[in-house]
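> Whenever a hint applies, use it, and build me the whole structure from the sequences.
Chains as they are written, first to last, in our numbering: chain A, 54 to 399; chain B, 54 to 399.
Please note: incorrect hints may appear among the correct ones.
If chains are identical, the list can't say which one is meant, so a pair holds when it fits in one copy or spans any two.
[What the hints assert, rightly or not] Taking lysine-lysine pairs in the BS3-like style, the calculated list, with each CA pair at most 30 Å apart, reads:
# : residue 1 : residue 2
1 : K344      : K305
2 : K181      : K124
3 : K124      : K342
4 : K342      : K143
5 : K322      : K382
6 : K181      : K191
7 : K342      : K322
8 : K344      : K143
It should be emphasised that the hints constitute simulated quantities derived from the structure, not laboratory data.
Number of protein chains: 2
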Amino acid sequence: MPVATQGALRHIDLSFADDLGYQVLLANTYHLMIRPGVEHFQSNGDLHSFMRWPRSVLTDSGGFQLFSLSKQIRITEEGASFRSYTDGRKMLLSPESSIATQRAIGSDIMMVLDHCIPSTSPVTDLRKALQLTTRWAKRSLEARGDSKQALFGIVQGGCNQELRSESASEITQLAFDGFALGGLAVGETRAEREDTIEFAAPLLPDDRPRYVMGIGTPIDLLEAVRRGADMFDCILPTALATQGVAFTSLGKVDLRRGIYRNVNAPLDKDCACRTCQRFTRAYLHHLVKAKESIVQQHISIHNLTFYRSLMYRMRQAILGNSFSEMYGKEADKIAAMDLEFPTVTE
Amino acid sequence: MPVATQGALRHIDLSFADDLGYQVLLANTYHLMIRPGVEHFQSNGDLHSFMRWPRSVLTDSGGFQLFSLSKQIRITEEGASFRSYTDGRKMLLSPESSIATQRAIGSDIMMVLDHCIPSTSPVTDLRKALQLTTRWAKRSLEARGDSKQALFGIVQGGCNQELRSESASEITQLAFDGFALGGLAVGETRAEREDTIEFAAPLLPDDRPRYVMGIGTPIDLLEAVRRGADMFDCILPTALATQGVAFTSLGKVDLRRGIYRNVNAPLDKDCACRTCQRFTRAYLHHLVKAKESIVQQHISIHNLTFYRSLMYRMRQAILGNSFSEMYGKEADKIAAMDLEFPTVTE
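What follows is the structure, given as structure tokens:
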């Protein structure tokens, strides 16, 4: 799922994400409840019509902001209190207000409000956070009422197996339409993350989608799919485009570098995206140096094509019963995709 | 002509300008000779293939930078000396180096290097500038050699009729493919500009295109066409989009304003552009407030559609022999398009 936090993808027209075949975008409840606000959606219609996206939307509950903005937010049993960054008014993000906002946004998949803390926190803190997450999960289900929108529960517990078991056992007893592993990509190593997914994914029902929140790099996705995960959201494709960095099958290409000044070849000769079909690295490098913002669109389209293609190939391998074979052949290559491409080869 | 100074339109993919029916883009010799440099085009191919624009390109000679960057540039009979803003190397923009660069860029229409000074300068300065412009024009024609690219001459002389006569008489004796009025929109009032175009346009051959450089607002275009001008370049459609401002038939809409927060209507209900067909003012306002850069693309597409439509209607009126009628009916309305739309009418 590409990330459209505030109802827009960074750099690119949503219609390109549609063209590329993406089926779900992620939008953020915390940001949208601040602006344009829940009343806006209640009076004017839902996010699909607001941003003109015909496919599905998943809304993050705001739980991640409880982590990333923890210094500005006060968390109690009731919920998270904070001040709006637009006008300073006091606001409350509770399980109930999060669901009410997500109902007004009209997302196809709502997420429960969870308490996300650093995955490397002391066990007592992690246990408190997961217990609060469970209590909030029950209140979220209650608040859902008769909404036809799907609602996913979130399993917490950091990198601690005992806590992940406890959380999964509590959350999977509740009538959710899908389950997420939260609290990852927030401080742990890649090995710890993979071990946690390996341990926790099988604790989730295999007839419901399993969503690992907030990851990741190409190898993160491969390793997580291998361990049974289905869904991901990640800002990397568009965030790296902001810096002028593109993914390729041979590693990341940093278009700021002078070595691309005269490279009359596309980012990836095997890529069928609009950018690779039209532009050379030399031209993209020129636009980066000239600070022409349109280059971020060109790179975003390429990076989103790259991610879509990676996920598509994994899906096809699973359907064709050849995922292990794909993994054996490609894992090293996919791990290297996150490294910087070292040399020029025209 | 939309302005693609460094080989890219601000905010939007060139393919949208193609979709809108624009036939010529303007690119800038001064900037392109600094980066990627004349050698780049000589070795790697021309600007059309670099930026993937299938239609025509007109290259400004760099004359306008002699005006806008006059403090960093030293002008002698030979040409203009300056230091590259990328690496500080000394460079010379002369009639010969400008044409050599434009030949390498492969523009369809090249412009002679002219000496552009503020239109309100003392007569002695204006006369010196126009005389230098004439000498440079002759050297430019010489430098053109056997190039099949068109080359336009430029008439200078500020707002002084005697000087415009003198310049037009000298320049139109030379074998150019078209003629431009330079030295406008550089300090004079709108009335002075219109009087100068009214006086000078008829001094140009009526079987060659007449290009008024660097204007302008909708009413500037209407008044200039009425006085016999054919071609224009202007950054306004994309420059205003940067600020969040859109043209409409009822005046400019500043999408930063809170009055648009709940306006569920497009920028212009009669506009057929991608933006008006899809998005409300409320959504565009939201994106401006959220600092989502994609909104600049949405507004640019609308503004370029607006300009294209205005020019198209004038062309149709001329072909249908009804331009005076159009002018009589619409001049006041078109003049008001440059004012800010005063109230919300929803």
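> All hints are to be evaluated individually against the structure, with a verdict given for each.
Results for each hint:
| no. | hint | result |
| --- | --- | --- |
| 1 | K344 - K305 | both (20 Å within a copy, 27 Å between copies) |
| 2 | K181 - K124 | within (18 Å within a copy, 66 Å between copies) |
| 3 | K124 - K342 | between (37 Å within a copy, 24 Å between copies) |
| 4 | K342 - K143 | between (43 Å within a copy, 20 Å between copies) |
| 5 | K322 - K382 | within (21 Å within a copy, 56 Å between copies) |
| 6 | K181 - K191 | within (16 Å within a copy, 83 Å between copies) |
| 7 | K342 - K322 | within (23 Å within a copy, 39 Å between copies) |
| 8 | K344 - K143 | between (39 Å within a copy, 23 Å between copies) |
Checked against the numbered hints above, the structure breaks none of them.
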